[in-house]
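*Asks:* Spelled out, the chains give:
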Amino acid sequence: MSNFIFGRYLPLNSIVHRLDPRSKLLLSFCYLIVVFLANSWLSYAILIGFTLAAILSSKISLGFFLKGLRPMLWLIAFTVVVQLLFSPAGGHVYFHWTILNITQAGLVNSGVIFIRFLLIIMMSTLLTLSTQPLDIATGLSSLMKPLRWVRIPVDTLAMMLAIALRFVPTLMDEATKIMNAQRARGVDFGEGGLIKQAKSFIPLMVPLFMSAFNRAEDLSTAMEARGYRDSEHRSQYRILTWQRRDTMTWIVFLMVVATMLATRRW
Amino acid sequence: MAITFEHVGYTYQAGTPMATPALSDISFTVPDHGYLAIIGHTGSGKSTLIQQINALLKPTTGKITVDDFTITPQTTNADLKPLRRHVGMVFQFPESQLFEETIQRDIAFGPQNFGVSEEEANQRALDMLKTVGLDESFADRSPFELSGGQMRRVAIAGVLAMQPKVLILDEPTAGLDPQGRQEMMTLFNRLHQEQGLTIILVTHQMEDVAAYADEVAVMQAGKLLTCATPQEVFSDPTWVQNSDIDVPRAAKFAQRLGKRGVKWDQLPLTADQLADQLVQHWPGMGGQHE
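Residue numbers (our numbering), protein chains in the order written: chain A, 10 to 275; chain B, 783 to 1072.
Any given hint could turn out to be false.
What the hints assert, rightly or not - Here are some, though not all, of the chain A residues that point toward chain B, as calculated from beta-carbon distances under 10 Å:
{"#": "1", "residue": "K186"}
{"#": "2", "residue": "A190"}
{"#": "3", "residue": "Q191"}
{"#": "4", "residue": "G195"}
{"#": "5", "residue": "D197"}
{"#": "6", "residue": "P212"}
{"#": "7", "residue": "L213"}
{"#": "8", "residue": "M219"}
Claimed, not checked - Calculated lysine-lysine pairs in the DSSO-like style (CA-CA distance at most 30 Å, straight line):
{"#": "9", "chain 1": "A", "residue 1": "K186", "chain 2": "B", "residue 2": "K1045"}
{"#": "10", "chain 1": "A", "residue 1": "K186", "chain 2": "A", "residue 2": "K205"}
{"#": "11", "chain 1": "A", "residue 1": "K205", "chain 2": "B", "residue 2": "K863"}
{"#": "12", "chain 1": "B", "residue 1": "K863", "chain 2": "B", "residue 2": "K947"}
{"#": "13", "chain 1": "A", "residue 1": "K205", "chain 2": "B", "residue 2": "K1005"}
{"#": "14", "chain 1": "B", "residue 1": "K912", "chain 2": "A", "residue 2": "K186"}
Stated by the list, open to error - Footprint (simulated), chain A over chain B, 3 or more residues, beta carbon under 8 Å:
{"#": "15", "stretch": "828-839"}
{"#": "16", "stretch": "863-873"}
{"#": "17", "stretch": "933-946"}
It should be emphasised that the hints constitute simulated quantities derived from the structure, not laboratory data. Ideal Cβ positions, reconstructed from N, Cα and C, are used throughout, including at glycine.
Extracted from the complex, chain B is given alone in its bound form (with noise of 0.2 Å):
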């Protein structure tokens, strides 16, 4: 599903004395089958714009297309249910969300509130259980006996049994430890790969945007700074700095290296392709491997 952002403006409490705005004349698009990260400071309205997309806010100003659907500041919530079966969201710490009696009731809950049986529900379940990296021994136990990090993934598998044809996620690794992080990452990458998730992504992870991401929105201030490939966003060195966003480690490495003369070809943002073309650089060092 392609979602397309128009001129799209927000202000918590509008209308009040306590009217704050959160982000202004945002415009961008994210093709079907796409792959978006959002990066940008805490406060800088990216938690903000992602809840746009299903309309859990809608916007003061502007319009939001979600494939057919259409979100204008006048569109009623009766009208919403079919958009948001179609767009899964991955909270910051959805463990949260938890309340079910047992895990395998937990993740059916999603798709029965969208009409699915509850056979099949429970089906999918089991199912989703297997694909977050549980096994199905997990599906008569309470939620709330299981460790943080299994938490978050029945808590993720409960949105995924809704199938959803976009997955938005805000933060999904934080507070994980770094092989639970990759698994998670590895798990998004192919859900996008295999079945074509639309995939928005907010992280604080600049690695994460380097390996996964095919385009990048930068927002400061509930401004939209820019939105292009992670390439184009990182191998400017002055942009970078004066937006004060992070850059990879690889790439930051790679910059390092440049300033002692090496030359590239283009920035390597990820540890693989700083790899490759050190290789090429030095054809010497790639032997010793092998």
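Pulled out of the complex, with its shape left as it was, chain A reads as follows (with noise of 0.2 Å):
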């Protein structure tokens, strides 16, 4: 568990650490977009000099990053190996057995498929290690806004998002507890068969549900006992700002774009 980086937050102070998370959040998900409107190697180097870029200014070691895809590598690689595999006739064919093909075809598209990944994968593990979870919580709610028009009731959306982020590390640490608790009583985790493994599980379930619906409980009477109303109107704590830095990174990345898009094959 300790290994898996994606989803976890790495205090550092760097420019990509105090973007607004908005504005994160938005590039993200345009870079999402724009990852899949690529064509040309040259569209994909671009891509790569601009992820890598964004890396280095967020001070996090390339190292950390490459680490962190461990778990992700079988997934990938799964991918990867299905594409090369059973993609559709076209170029040279170096292999060939009953359904399976290795064309020509077939191996620029693993390899697309590979680098695409590979930014996708990179690009949102920096948003998370860059962006602390109640930020991403807000800057989300904060993108959300427009959608009181249609009476979706996003305030209340947003408080609980924020409170199932914030009970993440608390739930974390009392799985931990209570894993140590029933290994010292001599419970393998992760150990025999499928169905062992699965029962072995039961003693860590059923005290970990019993804590978090005790904490619901305990919380929603504190957060009673101090007026809260979900209907009123809530001021915010964390205000956010657009500022000068979030305008600049959006001119860089559109001019990346707007260079990818030119050496895109049309």
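These two chains come separately, so use the hints to put the complex back together.
*Replies:* Structure representation (structure tokens):
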């Protein structure tokens, strides 16, 4: 669990960390679309360059990113291999056996998939590593504000999201504690056959659910005791302000996108 | 079972940017049938330290010996089950480990994991219920309908049912009422005396340290300041003040009397010792009680 870095925050002080979470969220989302627009090797090279530049300016070491990719390796490898073996005929055929083909088109396709995977994971990891979960929640709710017009309770949703994020580390700690206690009572987590493994999680899940429900009840009592009502318009403790560096980042990003589109095969 | 720590160090998330050292160069020995208390402020590494003893956390450097088991940074998980069978661990707020449908099955869970037959485990569960001061009528009830103090007892029974030779207690009385506290500590002491259990107690209650422990280890910022008898540790007022630890109430009282001229042969640490020495100083006072 501890080498799974996706979804964790790494407190550093870099320009990427200081960016407005809204601009980071929007940028990551646009980046996702842009990655799928690229189709020539040069356009991919430009995106790789942009990604590396973003990682470098976050002051987080590249090695840390690569280590964090390891849990995703199987997923990536599987997709690449499927793409390689089952892609439609096209170009030179290198290998053929019943329904399996390795063709030139397949090679290119799997290469493209690999790069896309890498770029998207890198960028979204950068987002979560450089943004505090609560900032992500604030940013999301601020971006969702227009949905109020269609009577979606944005504030309540934002509160739920913030509480959920707030309790992730608490419940993780709780889970570690309970696992330790059950290990000391002779449970082997993650060992033995599938059924034995599944069974070994009952002594973890039951107490974890109990404590989560107790916590939820305590929290709601505490919130009500302090006068929380979900219908009223709430002010924010964290106020997001769009800074010059956000504008600058977007200018750079749009320039990169423009260059990328120019080198794209149309 | 004797326990030996040799230059043990532990770092959380070693090898990542989040690495935080928690223990450094810890060496001490607890003899077989010993009773060691570990004291120190929150965050001083007490809980990290005790988790090394049954290898829930493995040392980053150094070596731990528990009887003939050796734990080093290279120890693999496969070798640990026999060790954990002998080292019972009562965590802080152990009631959070309860999960079974009935109390009996929850207590029998540990022994069964270590290969005890269902029948014997159930029998042990009934015995342990009595040991922790609950009667057999509890056996078929759900652990979740009990009071906090009763849940604590059931959880402790679940650890005792494994019949460990070493019992590690991490603030076992936190959150209990004074009477429950007293009963629990008396129970642990009885197990220590009668069955020869080696006990390691993490606590903030200096009275318990004075009353039960053979030796006390003082932790500060991941380091072991000292490991000596409670008498040695609490008797040196300057050392106690410099290392920022609390002393038992009786000792505090005795020290204040000391400032007013009362001479102690040996600083009394418990109320009983204090009373005895006072009676010796003023023989007339004892007579009035009889």
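*Asks:* Counting residues of the stretch 933-946 of chain B whose CB is closer than 8 Å to a CB in chain A, do you get three or more?
*Replies:* holds (count 3)
*Asks:* Cut-off 8 Å, C-beta pairs, minimum 3 residues; does the coverage of the stretch 828-839 of chain B by chain A stand?
*Replies:* holds (count 3)
*Asks:* Regarding the hint that A:K186 lies at the interface with chain B, is the smallest CB-CB distance below 10 Å?
*Replies:* Holds - the Cβ of A:K186 comes within 10 Å of chain B, reaching about 7 Å at its closest.
*Asks:* Quickly compare the C-alpha distance for A:K205 and B:K863 to 30 Å and report which way the hint goes.
*Replies:* The given pair, whose Cα atoms are some 16 Å apart, holds under the 30 Å limit.
*Asks:* Quick one, is the A:Q191 hint okay against chain B at 10 Å, beta carbons?
*Replies:* 6 Å, holds
*Asks:* Is the straight-line distance between the alpha-carbon of A:K186 and that of A:K205 30 Å or less?
*Replies:* The hint holds at about 21 Å.
*Asks:* Does the stretch 863-873 of chain B contain three or more residues whose Cβ lies closer than 8 Å to a Cβ of chain A?
*Replies:* That given contact holds, which follows from 7 residues of the stretch 863-873 of chain B lying within Cβ reach (below 8 Å) of chain A.
*Asks:* Hint A:G195 vs chain B: min CB-CB distance below 10 Å?
*Replies:* It holds, given that the least Cβ distance between A:G195 and chain B is near 3 Å, below 10 Å.
*Asks:* With a cut-off of 10 Å on the beta carbons, see whether A:L213 makes it to chain B.
*Replies:* 8 Å, holds
*Asks:* Quick check on the hint: A:A190 CB to chain B CB, less than 10 Å?
*Replies:* This hint holds: A:A190 lies near chain B, its Cβ roughly 4 Å from the closest one there, short of 10 Å.
*Asks:* Double-check A:P212 for me: the hint is only fine if its C-beta lies closer than 10 Å to a C-beta in chain B.
*Replies:* 5 Å, holds
*Asks:* Hint check: B:K863 vs B:K947, CA-CA at most 30 Å. Holds or violated?
*Replies:* Cα-Cα ~14 Å, so holds.
Going through the hint list in order, the structure does not satisfy hints 9 and 13.
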